[in-house]
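Protein chains: 2
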Amino acid sequence: MEIIDGGVTSPRGFKAAGVHSGVKYRSLDLGMLYSEVPARAFVGYTSNKVKSAPVQVMMSENSPFLQAIVINSGNANALTGRRGIEDAITMKKVAASELKLDPKTVGVMSTGLIGRFMDMHKVKYGISKAARELTSGREADAFLAEAVMTTDTIKKEVAVRIRLTDGTLATIAALSKGSGMIAPHMKVLHGTTLCMVTTDAVLSEKFAKTWGEILDDSMNMVTIDGDQSTNDTCALLANGKAGGKCADDDPIFIQALQKVMTDIARKIAIDGEGATKLIEVQVQGAETKEQARSAAMTILNSPLVKSAIFGSDPNYGRIMMALGNSDCKFRIEDVRLTIKGGDMEVPILDSGAPVFQEERSVEVVRMAMDNKEVTIIVDLGAGSASAVGWGCDLTYDYVRVNAEYAS
Amino acid sequence: MEIIDGGVTSPRGFKAAGVHSGVKYRSLDLGMLYSEVPARAFVGYTSNKVKSAPVQVMMSENSPFLQAIVINSGNANALTGRRGIEDAITMKKVAASELKLDPKTVGVMSTGLIGRFMDMHKVKYGISKAARELTSGREADAFLAEAVMTTDTIKKEVAVRIRLTDGTLATIAALSKGSGMIAPHMKVLHGTTLCMVTTDAVLSEKFAKTWGEILDDSMNMVTIDGDQSTNDTCALLANGKAGGKCADDDPIFIQALQKVMTDIARKIAIDGEGATKLIEVQVQGAETKEQARSAAMTILNSPLVKSAIFGSDPNYGRIMMALGNSDCKFRIEDVRLTIKGGDMEVPILDSGAPVFQEERSVEVVRMAMDNKEVTIIVDLGAGSASAVGWGCDLTYDYVRVNAEYAS
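In order, the protein sequences belong to chains A and B. Each residue of the first sequence is one higher than the one before, starting from 15 at the first, in my numbering. Each residue of the second sequence is one higher than the one before, starting from 15 at the first, in my numbering.
Think of the hints as simulated: they come from the structure by calculation, not from any bench. One thing to keep in mind: the hints can contain errors.
No distinction is drawn between identical chains; accordingly, a pair holds when it is met within one copy or between any pair of copies.
What the hints assert, rightly or not - For lysine to aspartate or glutamate, the following EDC-like pairs were computed, each having C-alpha atoms within a straight-line distance of at most 16 Å:
hint: 1; residue 1: Lys354; residue 2: Glu147
hint: 2; residue 1: Lys255; residue 2: Glu50
hint: 3; residue 1: Lys303; residue 2: Glu372
hint: 4; residue 1: Lys63; residue 2: Asp341
hint: 5; residue 1: Lys386; residue 2: Asp116
hint: 6; residue 1: Lys63; residue 2: Glu347
hint: 7; residue 1: Lys143; residue 2: Glu387
hint: 8; residue 1: Lys136; residue 2: Glu153
hint: 9; residue 1: Lys136; residue 2: Asp348
hint: 10; residue 1: Lys259; residue 2: Asp180
hint: 11; residue 1: Lys29; residue 2: Asp393
hint: 12; residue 1: Lys38; residue 2: Glu301
hint: 13; residue 1: Lys63; residue 2: Asp348
hint: 14; residue 1: Lys343; residue 2: Asp411
hint: 15; residue 1: Lys273; residue 2: Asp341
hint: 16; residue 1: Lys63; residue 2: Glu418
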């Protein structure tokens, strides 16, 4: 597997564009992804009961093939009633007309403020402009990546090139936005993370199950704030332009896609609103995978754990408090807790009580926490299931960003 | 019902003390509550799977009568293994010996840092001192209230006097601490909120069910951070000194106790770590009470909702996002959302979309949010069940307090 400097247009046959439509004051706010041929589409959507208009429209159509996706930032088109649905349908229609496609093969995604109607005059103008500017290459990737950003501070792209088992050279690339309102729990029908994954490998409809499993271990294990968005959508488009055999069960392909999605998940966590640190929680020795997931997510969502890590405050009791509130089963005497940071790996618990009791020895924990990436390893000693999740610290800047978002 | 300037020693036969034992550097850190006669005890404990040593000890004894409670702040005696259990038992024994009681009739509670062993030398000294200083009156109430505080900034006391149905004059009083790690879900066997409620009314063991229901509607509907403590304990002591008939089913008594517990719950929310505003969420028209509770708590726990209210940022879409992540059922078209603050009451939703779309009209929402107390009213239009919960905003000070707690 070769990690390449690439983006969503690196796989053969994909083009992209990002333009300024005027929904936002200044920055790019409307993007488009296009495949020269219809691509098999696997799409995961938010499980929030309040779903944005674009999510509702895409879920009801459930198209097995997509050839383009139109996406805007600045307005989530959520909580917009019947008018919002009409606007999402119009976005598809206008894009389809510009690209000479069947509207059913055009996907739509939105992100931004909830509860405001779209300014369709601007959006229509943007779609026409984007359709004319579709092209391949790193500049096109960058324009699309920028057009989908809201409070994001970094572009989130990953691309890998692989030689499949049958000898075919294929590429997988992913682009995601997402910085706040991030706790996706996306379920595949056929995460407001909006995520587009492109590949030129050949996939059949049967790949949906594997895609769901990969999402569960990657995007669905990221949490910034525990707040699942109304708009989460993650679309994998496979246009088959690489040729070769169907890669559904090719371990090389699956492993490469897992790598791409895990990297994207980590990038989302690193760029959490106001975040200064990435927190990775590894849960081992759980009775079931579901319990391991619950333990990881409960620790990652605890504001007390998150703010302690922000301050490198060695208050590890909070990690155990959070663990105790999760849905996992364990005997406290069997639990092993380790905190890793930089080149330090500090064991915390012994037989249900912390190893460190003295101020001086607690300093070791503080030193491990005082790193850009802090890893919490919990071994429950109850079974053999495991899970890994990603989150970030809770900072002054998180509060600042979210106390004045709509203003 | 008369609200009086009183505390836990206002009901007849109760005494209290609060002293400095040295667990904390400077402030009062050890308290004691005492009843002249054994009092029927109804105790609710945390449902966190990681339970502090005092909680484990009290749950295993499950004493139907208590005559004293010893309580310390500065150290939670949680995550302290076998040694912690022994220390909690020692606290009971020392207090029993000083007061000449059976250790089974002495309760124990702790709050403070998790994961450090108790300095029992200091604690024993404090218990002896407190036992000698037991007395009644507002000064005693105040010393005990101060001894249980951690990050609390205000004392949380409520007292009412009532004339029961049989003519008996009875008093109910409550004292609570709790500012962070607050999302109690306390279950009665016979909410680290530590809460002591005293009354001189006569109660039988059958009152446990009613007490559980009152806890569910008061303490268990408060959330500061969604993090349920390892130490939550809420004890109601009824010593019967007022005489008269058993008040188990007396609506006057039940209503007065509800009032006391609701007031205490609100005080905890107002004094949430770093809080500048009280948020009350009223959910109406739910299918079931459980769904109404879930809706209220999910909204109150959303960091995006909490930080928007801190900044008076009219981002009401976040309230609906949170509602959509709760366990309650509704059709978005049927939901009515209202935000109240000061003397303003602003309707938000109409047929699934916000009433306000223009910047100028959104200003009305900002004005309502710019108050010390903000009420969010959600009518789901799905049934007739309801629930009320309390929380607070998420502020810079919350982050500050919790980034340097152990330091």
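Results of checking the hints against the structure:
Proximity of Lys354 to Glu147 under the C-alpha cut-off of 16 Å is found in neither arrangement, the shortest distances being 47 Å within a copy and 48 Å between copies. In this assembly of identical chains, the alpha carbons of Lys255 and Glu50 lie at most 16 Å apart only when taken from the same copy (9 Å versus 86 Å across copies). With identical chains, the CA atoms of Lys303 and Glu372 are never at most 16 Å apart, being 36 Å at best within one copy and 47 Å at best between copies. In this assembly of identical chains, Lys63 and Asp341 lie within 16 Å of each other by CA distance solely across copies; the values are 9 Å between and 22 Å within a copy.
Taking the shortest alpha-carbon separations for Lys386 and Asp116, neither the intra-copy value of 47 Å nor the inter-copy value of 54 Å comes in at or below 16 Å. Taking the shortest Cα distances, Lys63 and Glu347 sit within 16 Å of each other only across copies (12 Å), while inside one copy they are farther apart (39 Å). Taking the shortest alpha-carbon separations for Lys143 and Glu387, neither the intra-copy value of 41 Å nor the inter-copy value of 47 Å comes in at or below 16 Å. Taking the shortest alpha-carbon separations for Lys136 and Glu153, neither the intra-copy value of 23 Å nor the inter-copy value of 68 Å comes in at or below 16 Å.
Taking the shortest alpha-carbon separations for Lys136 and Asp348, neither the intra-copy value of 60 Å nor the inter-copy value of 31 Å comes in at or below 16 Å. Taking identical chains as interchangeable, the C-alpha atoms of Lys259 and Asp180 lie at most 16 Å apart only when both belong to the same chain, with a minimum of 7 Å there against 86 Å between chains. When the C-alpha separation of Lys29 and Asp393 is checked against a cutoff of 16 Å, the pair qualifies neither within a copy, at 45 Å, nor between copies, at 46 Å. For the identical chains of this complex, Lys38 and Glu301 are neighbours neither inside a copy (48 Å) nor across copies (40 Å), given an alpha-carbon limit of 16 Å.
In this assembly of identical chains, the alpha carbons of Lys63 and Asp348 lie at most 16 Å apart only when taken from different copies (14 Å versus 38 Å within one copy). In this homomeric assembly, Lys343 and Asp411 never come within 16 Å of each other (Cα to Cα): the closest approach is 35 Å inside a single copy and 34 Å across copies. For the identical chains of this complex, Lys273 and Asp341 are neighbours neither inside a copy (28 Å) nor across copies (33 Å), given an alpha-carbon limit of 16 Å. Taking the shortest Cα distances, Lys63 and Glu418 never come within 16 Å of each other, neither inside one copy (26 Å) nor across copies (37 Å).
Checked against the numbered hints listed earlier, the structure breaks hints 1, 3, 5, 7, 8, 9, 11, 12, 14, 15 and 16; every other hint is satisfied.
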